[in-house]
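Number of protein chains: 4
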Amino acid sequence: MEQTLKVCVYGATGYTGIELLRYLTNHPHVRVVSAVSKTYAGRYISDLLPYFSHFYLSKLMLTEEPQEDFDLAFLCLPHDVSLSTAPSLLEKGKLVVDLSGAYRISDPNLYPEFYGFEHTHRELLQHAVYGLPEIFREIIKRGRFVANPGCYPTAVLLGLYPFLKEGVSFDKVIVDAISGVSGAGRKTTQHFHYPEMEQSIIAYSVHKHRHTPEMEDIIKRISGKHVKVRFTPKVVPTSRGMLATIYLHTEEKHVEELFWETYKEERFVKVVKDPPTTKYVIGTNMCLLYPYYDERTQMAVIVSVIDNLGKGASSQAVQNMNLMLGFEESTGIETLALFP
Amino acid sequence: MEQTLKVCVYGATGYTGIELLRYLTNHPHVRVVSAVSKTYAGRYISDLLPYFSHFYLSKLMLTEEPQEDFDLAFLCLPHDVSLSTAPSLLEKGKLVVDLSGAYRISDPNLYPEFYGFEHTHRELLQHAVYGLPEIFREIIKRGRFVANPGCYPTAVLLGLYPFLKEGVSFDKVIVDAISGVSGAGRKTTQHFHYPEMEQSIIAYSVHKHRHTPEMEDIIKRISGKHVKVRFTPKVVPTSRGMLATIYLHTEEKHVEELFWETYKEERFVKVVKDPPTTKYVIGTNMCLLYPYYDERTQMAVIVSVIDNLGKGASSQAVQNMNLMLGFEESTGIETLALFP
Amino acid sequence: MEQTLKVCVYGATGYTGIELLRYLTNHPHVRVVSAVSKTYAGRYISDLLPYFSHFYLSKLMLTEEPQEDFDLAFLCLPHDVSLSTAPSLLEKGKLVVDLSGAYRISDPNLYPEFYGFEHTHRELLQHAVYGLPEIFREIIKRGRFVANPGCYPTAVLLGLYPFLKEGVSFDKVIVDAISGVSGAGRKTTQHFHYPEMEQSIIAYSVHKHRHTPEMEDIIKRISGKHVKVRFTPKVVPTSRGMLATIYLHTEEKHVEELFWETYKEERFVKVVKDPPTTKYVIGTNMCLLYPYYDERTQMAVIVSVIDNLGKGASSQAVQNMNLMLGFEESTGIETLALFP
Amino acid sequence: MEQTLKVCVYGATGYTGIELLRYLTNHPHVRVVSAVSKTYAGRYISDLLPYFSHFYLSKLMLTEEPQEDFDLAFLCLPHDVSLSTAPSLLEKGKLVVDLSGAYRISDPNLYPEFYGFEHTHRELLQHAVYGLPEIFREIIKRGRFVANPGCYPTAVLLGLYPFLKEGVSFDKVIVDAISGVSGAGRKTTQHFHYPEMEQSIIAYSVHKHRHTPEMEDIIKRISGKHVKVRFTPKVVPTSRGMLATIYLHTEEKHVEELFWETYKEERFVKVVKDPPTTKYVIGTNMCLLYPYYDERTQMAVIVSVIDNLGKGASSQAVQNMNLMLGFEESTGIETLALFP
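As they're listed, the protein sequences go chains A, B, C and D. Once you know that position 139 of the first sequence is 139 in my numbering, the rest is easy, because the numbers rise by one and skip nothing. Once you know that position 3 of the second sequence is 3 in my numbering, the rest is easy, because the numbers rise by one and skip nothing. Once you know that position 271 of the third sequence is 271 in my numbering, the rest is easy, because the numbers rise by one and skip nothing. Once you know that position 19 of the fourth sequence is 19 in my numbering, the rest is easy, because the numbers rise by one and skip nothing.
Treat the hints loosely; a few may be bogus.
Identical chains blur together in the list; that is why a pair holds if it fits in one copy or across any two.
Computed list of lysine to any residue pairs in SDA-like fashion (alpha-carbon distance at most 25 Å, straight line) [stated by the list, open to error]:
1. LYS141 <-> SER205
2. LYS172 <-> GLU252
3. LYS220 <-> GLU295
4. LYS228 <-> TYR292
5. LYS38 <-> PHE117
6. LYS172 <-> GLU251
Just so you know, these hints were derived from the structure itself, not from any lab.
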């Protein structure tokens, strides 16, 4: 690829936007030409985050609307804003990677309950490609509009895919998952005020969470089967990191082999022999999977670990962009975790 | 009760020992007359922890063996040390509350696999009372030897008891639980070195954990039924706190009512209407329970929250002592959480 | 004291208010009869913080104005609200302990610069007793209106008092101090949003901080001398805790003796032989002081450690109340730190 | 530079070693051919830290001694081990960057007191170049043996250099500095066990610290003057990050201009207009400086912020290597901070 891709980041000063800028800054084939931020329009990114000084991005002013023409847009926007922004960009011929949830679920009737709005672009739902490269790589390559997966669904679907791919049958899955606080976004709330979040382990959205229908929908797209997901998310005192534990009843005992076989060629999914810590994936695009078959209860237990802002959001968005544009898939996202 | 109870704390400088001293210092009917510590023998507790100055305990030297006669011993010892210490104390007519796991499981054959030793006092296993007051209060009152429950089993059994009590039938339970780091004890390890534990969410003992047979055994004692527990513990970056999520298939939908009914008279168990944070129970003997019935998956989902060093260990030990001695059950353990 | 003191807490749902309720709940001579909160009026404290259940306070509704007559008010209010609330209460004959800064500095002319308002009750400034018991105990006993000290001034003045008392001369002091995040209050801000405060060490108010004139004023009240304080506060990732390091040039080398001598009778100030951690004072009214004379640079270096919400605010307020009412000074505030 | 530099990392599994491997992995002109670790000899780095999989380093076995010839060695060793390792490598014609303190201070007589050993290679002390590029760039370019600065001295000397360079006179400096826990190394200790370090702010080495003579020595090398440094380090609950506050009496009021002028051409030192958080430099080679002149006390107050494992250790070591080899100075160390 000789030419540089011109990119616009909408919602550049939220957590997924900032993390995206971090990855894109070092991407050899990309230039961020516009960074949209309603909150900080008129300021420079390096005024907000001084470590951007000395990079070309420090010269880029944050604006209310894109200031220059571009080829591809990343949408790090609220769901309901993405809903209308995506179609207008697609009409103008732009490529779009949408990090919101506005186009992830194929059934438009689920949006009022789970997202609080009527889906006003139902026709477009069919054209949105679900951007989980390890599962939908070939479709993403041909896509012009990618719905970047939610963080929980990313961790969970990678942990379920080996079963789904092999046709292992089950009708229910229990997902118990733990997230770092950044998953809740940058907007301040009483509960996530530092003094109140320190030493706080808490469950939330126990009755329903919008990632439940997302998981169920994608499971159906892969396997053709209705599987019910019982999902209980938690937040704990760490900025980043996500660990999902997946439980399913099955008689398929060769779980480890299944996982090794499925992911042996993957750059960003690694099957590990000991339960992994999230610390090993922070700042990376990696997913670490620890599969186990429990003979006593006849259950497969899968532990899946990602960075909610990395593979769970921004680095996966870059991976999708790489596939859409025909770049080497790992370009710009081969980072090492910061340890300790 | 006119007289002051003389108490000896074995293993006084581990986390459960230190926490026990905190509660006992303010207990009006108790005097700690001996504090045993192999590691710090010859030193004063206030040399190690200066906030004990100005309390009578600061005058007490830590010793290798008890220095004065006593009525009741708390054993905050390694499992295999408690194994032999408890019988010798009982023989001398002492009351014993054992915070280790040496006498929690009634089947002696499980100890080699789960504790790494042959159980050398099988006859005594039948006399050890399982010290979960909300379930076994009357037995504890008559007990001379109490096996204080493990932290995970405490959180989980309180979450299961309403079902067990009412005879709700199920043959399998999934327990996904999160603990603060203090649950792993005071001994330093690489993984729990501060820089490596910060930002670290990790699963451990996925294949087996010694609290699994403890839960199954007590479930059987309560209900007479064999129930298999699938248990996956996690550690997250907080010193204290424990949150367990319990999943079970059942057609009993009136879960909330069941919980309110079961615990309406309890001082230390509270059924709450919103998912609770562990922050509300740190430094207390409280267990907060959030019950929910998920119609979609026909599962009861129970979130249970305790302080692993409080209700999960030391304050529960004091509660047991109160019952054994006929003190008011809540004496010395009516603390408020530190917030924030 | 036979009778129970009726108390009203204004600003009951901020951090100092909540901490005050924690101490007052266990105070044998006090009953909180009103708890004022603009934000949460109409709700019960146990709705907000469920660990208050089972205490009499859980029955108390938060209200916009006091609902019952009382003897003494604690003001946990914004500075400018305390400014007018205190005089009206005093007029009605109430005793007042003001935890705000509205009456701490005796020179009214400093308020516009440091507090942003003209001081409208200048005459009252002379009647406000500065509530640092170890220095002003006798005056506090006779006081009807106590200005409870700021957290930094508490830590610093206790570290300077031995010099001031002995007439050791110096004209400048450097104070470098570190606070936990709760010192900034309960109001959410971007900077103290959990993900942004984790791994963040930051200096603030480097040019000026309202605690600087407070320290200088009290130094003058004690010693009659003008001393300039160069003060640089920091915030670090912990909810509670405060450590101040005080530097002053002096030829007085017998610093340790000076400190032992000054504080040998004090219940809540302890001179220690090793640099203390804040962890030893969290949840307590203790101040730990580590004095050192550095011969190389001819400087005294004092490390002072408190809980910013304890001795730095709420437990000190209770200590002041005890003195004002003639209760035993340590009543209700003899707590042990939570460790670990 | 056409050829790839062969590098050996001694002490590869300590924190500075691991961080060095992170930077070197992405360095285009370098290949790590040996990684020495006494503790983990025989294992692969990717067994310990799975995120190294998919990089060439994952194929490299950790060994007791280097397994292949190399051009340059980084010594991430205990001081006394570096003491003897450095000379033997230099004799064999290797280039050496020593991250220990064995060769930082030019006066051999200070080592027994501050490092606990007699300096057995006094002649070599004169050849060790102090590796602070912003101050000694030209000397480093010609060096074959670089003593990489301590973390505190790096933060402090960059904050003093503008004064020293301009000949501003002062005879005493007060340094109050805060470090993350990783600065104390990877070896576990009771105090840095996670449950005991959480909520802990603590001062240490108040009487003396080995970085004091290092700072004084380098100040003398730069300015020719004896300046006494009063240094008080603190540790707070964060893995990484360092903030130093520097106080000095001076009549030079144009502090800000002085700093802007001194560092305007520097890639890795940035003068900022608001007090910076350490969060902006974590994972980078940046030093952020906030200079302020306090007219009231006639003191310059400088806040200096670095990553103790970055500019304070490993990325600075790479910067030194780049200079020694004639690579572009910023090669491989132009990273962005992870935020949040």
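Ascending list of hint numbers which this structure does not respect
Per hint list: single violation, 1.
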